[in-house]
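So the chains spell out like this:
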Amino acid sequence: MNDFPGAPTTPREGTRLRVLAAMSGGVDSAVAAARAAEAGHDVTGVHLALSANPKSFRTGARGCCTIEDSHDARRAADVIGIPFYVWDLAERFREDVVEDFVAEYAAGRTPNPCLRCNEKIKFAALLDKALALGFDAVCTGHYATVVERPDGGRELHRASDEAKDQSYVLGVLDERQLAHAMFPLGDTLTTKDEIRAEAGRRGLAVAKKPDSHDICFIADGDTQGFLAKRLGTAEGDIVDEDGNRLGGHQGAYGYTIGQRKGLRLGVPAPDGKPRYVLDISPVNNTVTVGPQEALDVTGLTAIRPRWCGAPPTGPAVYTAQLRAHGGETEVWAEPAEGADGAPELRVTFTEPVRGVAPGQAVVLYDGTRVVGSATIATTERRHAPATAES
Amino acid sequence: MAYFDHAATTPMLPEAVAAMTAHAAVTGNASSLHAAGRRARRTVEEARESLAEALGARPSEVVFTSGGTESDNLAVKGLYWARRDADPRRTRVLASPVEHHAVLDAVEWLAEHEGARVEYLPVDAVGRVAPEALRAALERDPDDVALATVMWANNEIGTVMPVRELTAVAAEFGVPVHADAVQAFGQLEVDFAASGLSALTVSGHKIGGPYGIGALLLGRDQAPVPLLHGGGQERQVRSGTLDVPAVAAFAVAGRHAAGHRERFARETGALRDALVAAVREAVPDAILGGDPDPAGRLPANAHFSFPGCEGDSLLLLLDAQGIECSTGSACTAGVAQPSHVVLATGASPEQARGTLRFSLGHTSTEAEVTALATAIGPAVERARRAGLS
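Going down the list, the sequences are from chains R and S.
For the first sequence, the UniProt record's numbering assigns the number 1 to the initial residue and increments by one for each residue that follows.
For the second sequence, the UniProt record's numbering assigns the number 1 to the initial residue and increments by one for each residue that follows.
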């Protein structure tokens, strides 16, 4: 089996790794693959077919799942001069990412499918198959840094350029997964323009391709429409903290904690200030709204913790990131046990934070080092909303 | 390097390259009346005569096309439209389920857009259509059949169809039969006149000729509705200025294919048998696809299912060692699908996912077979570890 302890971006003397480069068809993963090849590794490109019925062409700047994206990835691989294949992971992706996404929304939570994909697809299904086929590492275009400790263990750190850092969506990787991860874009201070310029210098046609954003499996970007199709519409009430009906909705799954826009409430608030979604209760299909200060969260409990290395043994001070592209906040965090005996993470904020949505990940950092992550289950509010947290 | 994908394309013969480059330097549209046109016309007609002779056809039966796909589409759609126009009851198309996609997708298109009713003829465990199956399908209602289309030899598993028996049955009912002989030409004796076929597809780049050129052999009594309208260059059935250099080179390759066929079949068949034996020795549970009797399969074809393996994984592992082969199945959106051919023979979807096709050709060597013999065992072992994900 593959007993190689790690996968540095620059091979140590005599370590020419067999690297599987996941190529979405975008500029980042293409440059990452090119850098890995240039560093002397034996690189093979793979495009993951994640949709059972891929569209022929990209619409706008979304996604990585069209035949055109697959073609772009193949073109890049041909220019880099590496073998290229398409692997069909559509069934695994549907089960592990799309269905989970729908179920989370149905339960009133706000999932992050990118984390889920990294945990279950790119660094699980793909990595396992790669290792079985004799590869040493999986390479992606994520902006994050893997650091090797003197003892040979691996640490995940924020990208050198923190503005582009994507370590949040990689916070689900454990040490074994990190041992086989390669992020060639993470350890250089390069702006996106410079990455594009580098792609141009390398002759990669994707240099000018727009960035992908949003959720790759929702091609038109209409998450609500996608959820409505999957979950159906269910009329329910929008109420204030005292339970007074202020308006209606077509399905509680259409709302996110902290959401302000699109509530369409006929009645203005007594204080004239904007109202925010405070709570989503799928059980009685009710959305509770209230003033901004009621969003203040003082602590949270998160489930399914995953540690990028040894788990912490007791409470400690960390910084936490609560959503992709979110800022950092200082916390006390402590591993704990839930009522069912399952491991949990309890987090207390030094200063209250707003808009914490169950379903999102809390990722803990020690400086630039990713300590671990967990999925937010419940939050503690300074002003508890009228309806119970579900 | 070991190249086992000659059924996808085979290296051009040096003499075909020479003919192509020689004619590429000469100006002349074969439809022009002046001297340059007459010169080009002469080249084209000599090529037509050569190919006709190589295929047991008359020169007027050779219609040049852009290749196998166009020939298949012209035969299937063109004959369907012509036969239906002559009698609107004729909307039934009989096809083998193991056809190449150029035929399969054409008949499916007719079903979706032109009111055709497609009836797939049953095949046995080696993928062969029995003449009795065709008879049964025809007897049900001989008057509503537009055409039958059954390939001469299968491109994935190499099974040879009983063409002469099939056309004999169809002739009793006056139904035209088309055969895709893209893989058969150069490996089996293909005699259009003796075959009883109304239409037959051949392609240039599978026999050592250039890409982008092929022909449909078309009985003189057949007038398919054209796919391409325009100058009417080819018998008013196919329009478009002829590619004179490609036509000339195709004829050179066609002559060579017919002239060297017996020797090719003997020598390449022996190499294929060695390959099959080597794979079986390295992987005892590998399942040979198609007809185990060498007489019933293309001499240059070997096809295996490797239980517990993903064909894609094997392809990657062998490719990394310089061994080039194919899973044999078509791609949809770049993703290999379980082969419709292997499924039609009654194999399980799991078995259909773990297939590899090794096809040999005029440049194949014993050293290539030895390289495969060394690599296949470890590759299968590794691919099994990766499993069917």
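Take the hints with a grain of salt, since some may be wrong.
[To be verified] For the chain R half of the interface with chain S, some residues (derived, Cβ under 7 Å), not all of them: (1) VAL79; (2) GLY81; (3) ILE82; (4) TYR85; (5) ASP88; (6) LYS129; (7) ALA132; (8) ALA179; (9) ALA336.
[To be verified] Take a look, some chain R residues computed to stay more than 12 Å from chain S by CB distance: (10) ASP42; (11) LEU48; (12) ALA49; (13) LEU131; (14) VAL267.
It should be emphasised that the hints constitute simulated quantities derived from the structure, not laboratory data.
Note that this is a predicted model, so its numbers are computed, not measured.
Where a beta carbon is used, it is the ideal one built from N, C-alpha and C, also for glycine.
How about ILE82/R: closest beta carbon in chain S under 7 Å, or not? violated, 11 Å
Can ASP88/R be said to touch chain S, with a Cβ gap under 7 Å? Where the cut-off is 7 Å and the nearest Cβ of chain S is about 4 Å from ASP88/R, the hint holds.
Restraint check, 7 Å cut-off on beta carbons, for GLY81/R near chain S: With a minimum Cβ separation of about 14 Å from chain S (threshold 7 Å), the hint on GLY81/R is violated.
Can the hint on ALA179/R be confirmed by a CB-to-CB distance to chain S that is less than 7 Å? violated, 19 Å
Taking the minimum C-beta separation from LEU131/R to chain S, is that value above 12 Å? For LEU131/R, whose nearest Cβ neighbour in chain S is about 9 Å away, the distance does not exceed 12 Å, so it is violated.
Tell me if the interface restraint on TYR85/R is satisfied: Cβ within less than 7 Å of some Cβ in chain S. Because about 6 Å separates TYR85/R from the closest Cβ in chain S, which is inside the 7 Å limit, the hint holds.
Please settle this one: VAL267/R was flagged as non-interface, so is its CB more than 12 Å from every CB on chain S? Consistent with the label, VAL267/R stays out of reach of chain S, its closest Cβ about 50 Å off (over 12 Å).
Report holds if the minimum CB distance from LEU48/R to chain S is greater than 12 Å, and violated otherwise. Nearest chain S Cβ is 10 Å from LEU48/R, so the label is violated.
Tell me if VAL79/R is really an interface residue toward chain S, meaning its C-beta lies closer than 7 Å to one of theirs. Result: violated, 17 Å to nearest chain S Cβ.
Does ALA336/R pass the interface check with chain S, least Cβ-Cβ distance below 7 Å? Cβ of ALA336/R sits 35 Å from chain S, so the hint is violated.
At 12 Å, judged by beta carbons, does ALA49/R keep clear of chain S as stated? violated, 5 Å
Can you verify the interface hint for ALA132/R: is its Cβ closer than 7 Å to any Cβ in chain S? Because about 4 Å separates ALA132/R from the closest Cβ in chain S, which is inside the 7 Å limit, the hint holds.
Hints 1, 2, 3, 8, 9, 10, 11, 12, 13 from the earlier list are contradicted by this structure; the remaining hints agree with it.
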